[in-house]
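> One letter stands for each residue in the lines below.
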Amino acid sequence: MKHFLTAAALAMAAIPAAAEEDITIGFAIAKSGWMEAYDTPAAAAARIRIDEINANGGLLGRQIKWVEADTKTDRAQSAKAGLQLIDEGADMMIVSCDYDFGAPAALSAEAAGMNSFFLCAEDVKAGIQGVGPNSFSGSVLAAVQGATMAEWSHAERDARRGYVLLDTFIEYNKGICRGFDWMFPQLEGAEIVGRDTFKNDDASIASQITRIKSLDAEPDVIMLCSVIPGAAAAVRQIRAAGINSIILNGSAVDGSYWLNAVPDLSGFVLPVQGSIHGDDPRPEAEAFNVAFEKATGARPASSYAYPGYILMDLWAKAVERAGTLEGAAVTAELEKMDKEPTAFGVRSFSPELHHQNIAPMQIIEITDGKPAVISEWTISEPVPLDVLLSR
Amino acid sequence: MSDITQLFFDAAALGGIYAMAALGIALIFGVMNLVNFAHGEYIAFCVFALILPSTDAMSVMFLGRAPAIVLIPVILGLGALIAVASEMLVFRHMRNASPVAMMVGSFALGFVIQNTLLALYGGRPKAISLWPDLNMPVELAGASVPVLQLIVILTTLVVVTGLALLLRKTRIGLEMRAAAENFRMARLLGVRANVVITGAFALSGALAAAVALIMATQTGVADVRMGGQIMLVAFIATVIGGLGSLPGAVAAGFLIGAASVVLQAYLPLDARPFRDAFLYTLVIVSLLVRPQGLFVPKSARPRI
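Residue numbers (the UniProt record's numbering), protein chains in the order written: chain A, 1 to 391; chain B, 1 to 304.
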């Protein structure tokens, strides 16, 4: 026992010396409040990649350690968390999933000249356009998801008559619809036959349903640009009203946790970066699911864990190539990435866009309440920047 | 013709939910000048009581598994219980405080309930499979109306009639009306203040529970923030209905629901995202024209 204590004391004394050599990643994420459910899995995924890198000898020959600060799902706390992490010696900062809650911390990282990555923001502002030249997002733009749904449904389900139902709650929803609106009308024979809006917390969307039912014929597809809980409520009401069009959505509704809200749902399709259901055609993706279960005790609840793993992977590669942790140098290496392979498909960055405006997506269809991968789709051309920036 | 019928049913269903929530707020305001902002959290609490507490993404039904004949009274009782408990633990101690202090107290209580739910259930919305068949539409006078909408309309009518009978025909009702008119005078004349106030809270909580059941059936989801929007609309309904007036709250609840549905149906697409801005403009106009509210109770006097 005595020897053990001595050894422990020596080990603890040795830590500060080693710590100077360590690379520090700061996590400014929500550990409480409603955002926590989205930040925790993605942060856990980033740490899985950190552990893998450490096990393979580290980054630039140094071990990576991480520190974290709670943003409490609060914009003011996010700014504070960012400053706190800089004080604690962070070399790079990972911030909250959502643009609104991650941006205050990302801005303090930007001011300190370091790289920042949004865990899974899908708004174009999460990057150069909203934060600054050293900020990136680990996810795929919402507009890509909408455009993927448009092109896929046109090609594989002969969708010609589309209906757009936009939930005006958050920017992400508008992004999905923007992508669909850009892609669908330019496809052969396809037209948008109607559109409507609702609000995520509307107690009822009866009048929106009345509008769909008053069309001459049921649309082939309904592009529902919404997130849970509003999306689940909308789908429940649409299906209950006897509308059987294929319902398309973005990645945000991934996961089976909400499916009980619409018993025996069929004909519901969404694009994801990888499948959590054990049927991803790429073995690396499923290997990650297994690693995630080992690290956290459960498989990912949605595909929003993946961007955490991807961003850590890409950043570490860029650091290795740049040979430094200095923000601008790493950014330059990241911007050179063109179709860089990851476990979840290729990723690219450019000096104009620190986000994915084209990416391979797994298409998941829910049939009788069971989600399954039915194909993979990459849009034929990237979503142009002016479409992304249009309001 | 069928368009108008459809519009009527859509409006009545949404208005019914608002009316029921507004009634819950007006009841409490009537007896103790308290705008209870925790009312929305009572609704969320009752919805979450349907599922087992767990931070896992998948929800497991708890009370929601019980047959309707058991579930409805249990949830209504639970709503009454949390309202009465909050009166005993919080508002009873603030009875002599200013209305503004009580209102702030109700905000604080709402935060406590909401954060307790967050701690128990996590921040992710949960799925609830409650009576999905009720969303099936039936054809009625040329309109397609989900059974649930009919139930909402009927329930609202029953609740409003029942409450009117309670207020007119029973002793507690008489005491509540007396307390609403002039609380101090009523007490001097022997009205049992604690019974009246506890009764009002119990009724208000049961109304929140009824709204919760309707919301859960309609949307199929539980979310900690779900009570907020309804609470806001219901509060506005009590204001434009005339603070303290129960029929006013009900009428204004229906009115706001109807206005919201009509705006959604007839606004041009570009203006539709701003539906609520138009709605609240109408509210402002209504308050400018009748600052004392559309249906002013006799007891109207300067408040807040």
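Hints in this document: simulated from the structure, not taken from any laboratory.
The structure presented is a predicted model; accordingly, all values stated were derived computationally and were not measured.
Glycine included, C-beta positions come from ideal geometry on N, C-alpha and C.
Just so you know, not all the hints are guaranteed correct.
What the hints assert, rightly or not - Stretch by stretch, here's where chain B covers chain A in the computed footprint (C-beta under 8 Å, at least three residues):
| # | stretch |
| --- | --- |
| 1 | 191 to 197 |
| 2 | 206 to 215 |
Stated by the list, open to error - Over 10 Å on every C-beta distance to chain A, these chain B residues come out as not near it, computed from the model:
| # | residue |
| --- | --- |
| 3 | V90 |
| 4 | P125 |
| 5 | V221 |
| 6 | I236 |
| 7 | R290 |
> Is the Cβ of R290/B more than 10 Å away from each Cβ in chain A?
Holds, because the least Cβ-Cβ distance between R290/B and chain A comes to about 26 Å, which exceeds 10 Å.
> Given as covered by chain B, does the stretch 206 to 215 of chain A meet the bar of three residues or more with CB within less than 8 Å?
With 7 residues in contact (Cβ-Cβ under 8 Å with chain B), the coverage given for the stretch 206 to 215 of chain A holds.
> Closer than 8 Å Cβ to Cβ for three or more residues is the test here. Does the stretch 191 to 197 of chain A pass it with chain B?
Coverage by chain B holds for the stretch 191 to 197 of chain A (3 residues, Cβ < 8 Å).
> Regarding the assertion that P125/B does not contact chain A, is the least Cβ-Cβ distance greater than 10 Å?
violated (4 Å)
> Examine each Cβ of chain A, and state whether all of them lie more than 10 Å from the Cβ of V90/B.
holds (23 Å)
> Report holds if the minimum CB distance from I236/B to chain A is greater than 10 Å, and violated otherwise.
holds (14 Å)
> Regarding the assertion that V221/B does not contact chain A, is the least Cβ-Cβ distance greater than 10 Å?
Nearest chain A Cβ is 4 Å from V221/B, so the label is violated.
The earlier numbered hints that this structure contradicts are 4, 5.
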